[in-house]
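Chains as they are written, first to last, in this note's numbering: chain A, 291 to 569; chain B, 546 to 849.
Errors might be hidden in some of the hints.
Heads up, simulated DSS-like pairs for lysine-lysine below, C-alpha to C-alpha not over 25 Å straight-line [stated by the list, open to error]: (1) B:K565 / A:K306; (2) A:K297 / B:K658; (3) A:K297 / B:K775.
In silico contact screen, one side only, chain A against chain B (beta carbon under 10 Å); selected entries [to be verified]: (4) E301; (5) K302; (6) K306; (7) P398; (8) S400; (9) L430; (10) V432; (11) L433; (12) G436; (13) K564; (14) D566.
Hints were generated in silico from the structure; no laboratory data involved. Keep in mind that this is a model prediction, so the values were computed, not measured. A virtual CB, placed ideally from N, CA and C, is assigned to each residue, including glycine.
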Amino acid sequence: MFFILLKIELEKIFKKGRSFIGFIAIGILVPIIQIAMYSEGNDYFNMFTQTLQQQFDFSGNLLNGYLIAFIVLQSLFVHIPLLVSLIAGDMLAGEAIAGTFRILLIRPVSRFQVISAKFIAAQIYTLLLILWMSILSMGLSVLFFGKGELFIVASTITILPQDDILWRFLLAYLYGFLSMSTVASVAFFFSGLVENSIGPIVSTMAIIIVFTIISSLDAGFIKAIKPFLFTNHLIGWRYLFEQTIDNSRILQSAIVLCMHSILLFALSVYYLHKKDIMS
Amino acid sequence: MLQIPIIEIKDLSKSFGSFKAVDNLSLTVNQGDIYGFLGPNGAGKSTTIRMMMSLIKPSSGYINIFGMPLSQNRISIARRIGAIVEKPDFYLYLTAAKNLEMLGKLSGADVSKKSIDAILDTVGLLDRASSKVKTFSYGMKQRLGIAQALLHNPDLIVLDEPTNGLDPVGVKEIRELILSLSKEHNKTIFLSSHILPEVELIATRMVIINKGCTVVEGNVQELLNEGLLKVNFTVDNPKQALDCLNTSRFHTSTIVLTENSITIETEQSFISDINSLLVANDIKVEGIQSTRSLEEYFLSITKP
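Work the whole structure out from these sequences, hints included.
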């Protein structure tokens with residue numbers, strides 16, 4: 291029965307026009323970034339490496355597909371939470387608004403099964419969105435810009451050899467899914483609390499913004515809670531592009547994200563199990 | 546005849562904060578009944594139906610369906626119930642057939658095209674099977690609601706205002722469908738309705754609730770015949786009939802005279818005696834009609 295429910299939930303997601311907004315948005319944004327980099331990428335690259343170029347000789351294809359994919363990855367992770375909450379935030383609230391919760395919950399299925407199927411369907415949607423982004427950002431970028439070393443200028447300069455990059459991207463996309471799945475879990479949780487679709491989206495984005503601001507503060511008590519804020523771990527995929535990867539730090543971040551998702555799912559189940567369906 | 550209880554509700558209560566929506570409600574629905582569930586707005590009908598369908602949890606009391614406690618056997622009970630709970634809401638972006646297919650799968654119904662077409666044909670929606678529900682009128686959604694309730698061939702059908710939004714032809718069709726489900730297929734129907742003549746026409750038993758409590762429960766005709774009825778006698782000489790009644794033990798203060806009839810309030814059991822009295826006094830009685838409808842009964846019993 292669970293798989294029937296899951297299939298139905300996925301069908302419902304992909305029969306709704308709004309579900310494709312995320313795919314369309316990524317489908318537009320990624321090529322725009324790629325076109326911008328194609329036409330003015332060299333200027334940007336020179337501007338960022340101006341001082342370095344005075345001391346070092348740069349050779350090879352540095353404005354390559356990997357660098358573009360890395361830039362896309364950084365910029366899109368700002369927007370993807372919104373696209374994910376658009377669907378995850380509607381999973382339960384949408385049924386309540388439409389009044390279809392009644393017609394669903396009077397069937398011979400348990401609430402746990404219904405909530406689980408919806409939760410997993412939201413996670414599958416998130417996975418597909420990340421997969422779409424990875425195909426567009428990585429595939430198209432490599433196709434149009436070719437391969438080369440990955441040159442990252444941050445607090446330190448990291449140069450990764452061409453044959454040491456692909457697996458990092460694969461893990462980064464996987465980590466990216468984990469991050470966005472936590473965002474989806476937050477939106478899903480809010481979706482069960484209210485009976486409108488806007489509330490969960492706004493609440494999720496507000497939580498992300500507030501937690502991100504808190505994470506940037508250095509007050510004593512904030513330092514203590516910082517490691518437990520999921521927003522502090524959303525960009526953990528960046529650690530995968532360091533010269534020497536700190537596995538324990540990535541694992542720790544991944545665990546924090548997973549624990550958030552599990553906890554939020556458990557809270558959703560608990561709340562909706564007790565809830566009187568009045569819609 | 547042995548009565549097999551299908552729904553047994555005992556001392557059922559539901560409170561929302563300090564407001565008691567259902568207060569110690571008890572009722573029994575037997576197999577094959579078309580059971581009318583009546584009450585004014587806010588009486589607690591929808592809350593009761595939601596509790597029967599496990600959408601909301603009772604504060605106290607118990608519900609047994611098919612002889613099993615609902616709280617412990619929800620899934621197995623739900624397999625045998627088809628229901629419309631309040632408005633017929635569907636996935637508007639899906640077609641009628643797709644909605645039925647999805648809901649049918651969850652109820653364990655045969656969701657083959659043939660089966661879905663058959664049920665859509667029963668409710669008069671076959672030609673709209675491929676139309677998205679967002680293009681449906683309220684009446685069409687109501688028909689689709691009935692279709693989803695019947696798709697898995699349930700033993701108990703709970704219908705909450707099933708004729709809302711239907712035109713007179715639709716009302717008649719649904720009434721006939723309900724009667725056929727009860728008589729030909731021995732289904733038990735739990736029918737909540739505001740349209741009292743409709744309940745009067747098809748229900749075998751009924752309960753009237755008010756402010757969350759049971760006011761009266763029983764056989765529809767027996768309840769309608771209880772207490773004082775308005776009885777209209779078509780006679781050749783209404784004035785003489787009035788004099789005759791005024792001097793008899795059937796004297797009543799509520800009398801309406803027309804050109805060829807006299808209407809009085811009396812008990813069901815007195816009607817034949819009054820007829821005999823009039824005939825014995827050489828008054829020609831051409832017709833007798835008890836005029837109390839369920840509506841009048843309902844209003845008399847639920848008035849504040």
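Cross-check of the supplied hints:
With a CA separation close to 40 Å, the supplied pair K565 of chain B and K306 of chain A exceeds the 25 Å bound. Between the alpha carbons of K297 of chain A and K658 of chain B the distance comes to roughly 19 Å, so the proposed pair stays at or under 25 Å and holds. For the suggested pair K297 of chain A and K775 of chain B, the alpha carbons sit about 60 Å apart, so the restraint of at most 25 Å is broken. A least Cβ separation of about 7 Å between E301 of chain A and chain B falls short of the 10 Å threshold, and the interface hint therefore holds.
Contact between K302 of chain A and chain B, as hinted, is supported at the beta carbon level, the nearest pair being about 6 Å apart and thus within 10 Å. Among the interface hints, the one on K306 of chain A holds; its C-beta lies about 6 Å from the nearest C-beta in chain B, closer than the 10 Å criterion. Annotation: P398 of chain A was flagged as interfacial toward chain B, and the flag holds, the nearest CB pair being 4 Å apart, inside 10 Å. This hint holds: S400 of chain A has a C-beta 7 Å from the nearest C-beta of chain B, less than the 10 Å allowed.
For L430 of chain A, the shortest C-beta to C-beta distance to chain B is roughly 31 Å, which exceeds 10 Å, and the interface hint is violated. The closest approach between the C-beta of V432 of chain A and any C-beta of chain B is roughly 37 Å, which is over the 10 Å cut-off, so the hint fails. Hint status for L433 of chain A relative to chain B: violated, with the closest Cβ pair at about 35 Å, above 10 Å. Because the closest C-beta pair between G436 of chain A and chain B is about 43 Å apart, greater than 10 Å, the hint is violated.
With its C-beta approaching chain B no nearer than about 8 Å, K564 of chain A sits inside the 10 Å limit, and its interface hint holds. Because the closest C-beta pair between D566 of chain A and chain B is about 4 Å apart, less than 10 Å, the hint holds.
Of the numbered hints listed earlier, those contradicted by the structure are 1, 3, 9, 10, 11 and 12.
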